[in-house]
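The listed protein sequences correspond, in order, to chains G and B.
Position one of the first sequence corresponds to residue 513 (our numbering), numbered consecutively onward.
Position one of the second sequence corresponds to residue -18 (our numbering), numbered consecutively onward.
Some hints could be false.
[Claimed, not checked] Within a straight-line C-alpha distance of at most 25 Å, the following computed SDA-like cross-link-like pairs (lysine to any residue) qualify:
(1) G:K789 with B:A89
(2) G:K590 with G:P539
(3) G:K928 with B:G118
Honestly, the hints are just simulated from the structure, not real lab data.
Quantities reported herein were computed from a predicted structural model and do not represent experimental measurements.
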Amino acid sequence: MLHKALLLLGALAALCLLPNAQAQTSPTEIKIGHIHATSGPFAAISMPAYYGLQLWVNETNAAGGVMVKPLGKKLPLKLISYDDQSNPATASTLLNQLVTQDKVDILVSDSGSVLTAVAVPIAKEHQMLLFDMTGTGSSLFAKDNPYIVLLADPVSTIWPKDVADFLKDDGAKDGIKKVALLYATNEFTNTQATALRNFLKAAGSPIEIVYDQGVPTNTSNYSVIINNIAETNPDAVLELGYVGNDIAFLRNLGDSGQKFKFLFTIYSGLETDELVKNVGAAGLENVFTYITGVWLANKAEVGMSTDQFRSAWEKAYPGSGVEFGYNSIAGYTTGLVIGQALGMADSLAQLDLRKAVFAQSGKLETLDGHFELDEMGAQIGEITPLGQIIPDGKGGVRIGAIYPHDVATAKPVYNKP
Amino acid sequence: MLIHALLSGFVFGLYFTLVGLGLNLIFGVMRIVNLAHGDFLMLGAFAAYWLFTLAGLHPLLSALCVFAGFLVLGIPIYYLIVPRLQQSRDSEMLSLILFFGLSQIVEALAAIGFGSGERSIPGKVLGVGSVHLFGQGLPIAWLFSGAVSAAAVFFVYLYLYHTRLGTLTRAVMVSRDEAMATGIDVHRVSAIAFGLGLALAGVSGVFAPFMFGSVTPAMGVEVNVAAFAVIVVGTLGNPVGTALGGAIYGVSLMLMQTYLGSWSNILPNLLLIAVLLVRPQGLLGRAARHA
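With the sequences and hints as input, model every part of the structure.
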């Protein structure tokens, strides 16, 4: 009797386990978990990245799905994305939900360092590989955390190197000696400010920093700050902030009538359409900025070219209020790298996915440039040369590459203060 | 630097007077906290943006349109929400919850309707360059906004102290029950005050693109915090005290940006804590109760 009961229990247990076992070995779709912000201070960088990722998902599904090497077949993608409203606490809850309730196969963080920072410990705790789109803060990466890879942005300490080199080299020869440094106090711009400060203060540097001030990221009025900077008579002003900071700074600068010989902002070259819409082409004239995949003619080995992607974007999201830009490319690039990793991984285990991403390091060219990771998963291959905004005379702008010399397409033009 | 900070702060404070004025008027008359005030400001900003983009309307004309539109819009909103709210046992507290919900709905609908990106009106529409006052250059756009704010304060003052409706409004502010007992149509007076509060929020929104650089559907929350600090400093329920609160807020913010830049975002909270500790009734506290 007991023997029969045990056999029955065993059979029941086997029946219960069978679907699970089948589900684990043979999924019918790949679930991508993501969070994005439809509102709040980070919506301007989050929504383009989300739409870019979504475009890749739609493109892949239209082509029959993503190739999953361990299964030897294509599977459809399912994108599960929740709205964190730019709130780190909400983001934290939603990320946990993606991992524990939705049981996603792939975890992709929101755009930007602030919202990625909350995802890092959650991914590490659950041993999920965090596919980091644009969270570039250097403190996000550590040798004891294998569960993060930065896919579509260089780590923030790399960003300002060409700017600093230009100032110390060509800039100094052109009379730039005194620099004002203004930055928003968040992970992304704070680490860039620290890196710039170190570059500019290095032994033998001809540059003197005459103004060095952080402001809260939600700063929306720079009028007094611009006046205070002007009183230190700088030759160059470097303003490091998010989209909203750059718009407010440039508009206040235009309103004040003040001009600085050399002016640098980050997002003029990253979300150029958004900046032109709010500041106008004239307000961006001669502004120095980073050149990114939007303007560099990077030859991508996978996916669409920049022009094709832009056309697809305009077709997919007409009148959405979300502008094409650097973050839209970042979202799309993230998808492409995920697709490549699924096509190369030995299994869907998270560390095997990491291994597959690392296998592409140094060998892949994307719309964002040369894909290369350091041992901690930080992106070090993509570059951010110094560029300068040039109005095209039709209400739009183009960006000329200024430095380093091997990529330069234009000579720097300085404002007359 | 100090003189520039003081002067800029005063003009910036004038704008924040306008931002807080409607909020304080509504609280003064109805004893409810409109936590959606910043969202109505945002709607005013988007109205001005679309009027400029689609019809090329100058912001000063937009301000008139927005004022009229929001005034008319406010009256049915009042009758829909406020009388029911005031029948509750603790209408002040419940108003926080109700208007917080309304704020969330307005923000979400705006994000769906307008997208989440930044929007602005070119600064040159109000004039290019700066005007020199006491040797200090101030953006023309600021002076425009400051002048409109000063005019709005003057208008509210005239309304409250030199019109029959204003006298009735002040009577309701002193005691709603006594006003009702004397035969004043409290709901009519309150509905107009509510509409005026929204209209003032809308007008301040028209100038928001010039003062904040750009506007987004999510801007309401931060505006609310600043507006709340302004009216608590100037005295809750005293619209005229809002001018004092605005000036203190503006000058303090510019001084913080000049000397303690990294900490300037905690200013509204610091002001709130300081006033609640030292003078909880606000700087013009008595005037509020016996207006």
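Output the indices of the hints that this structure fails to meet, ascending. none
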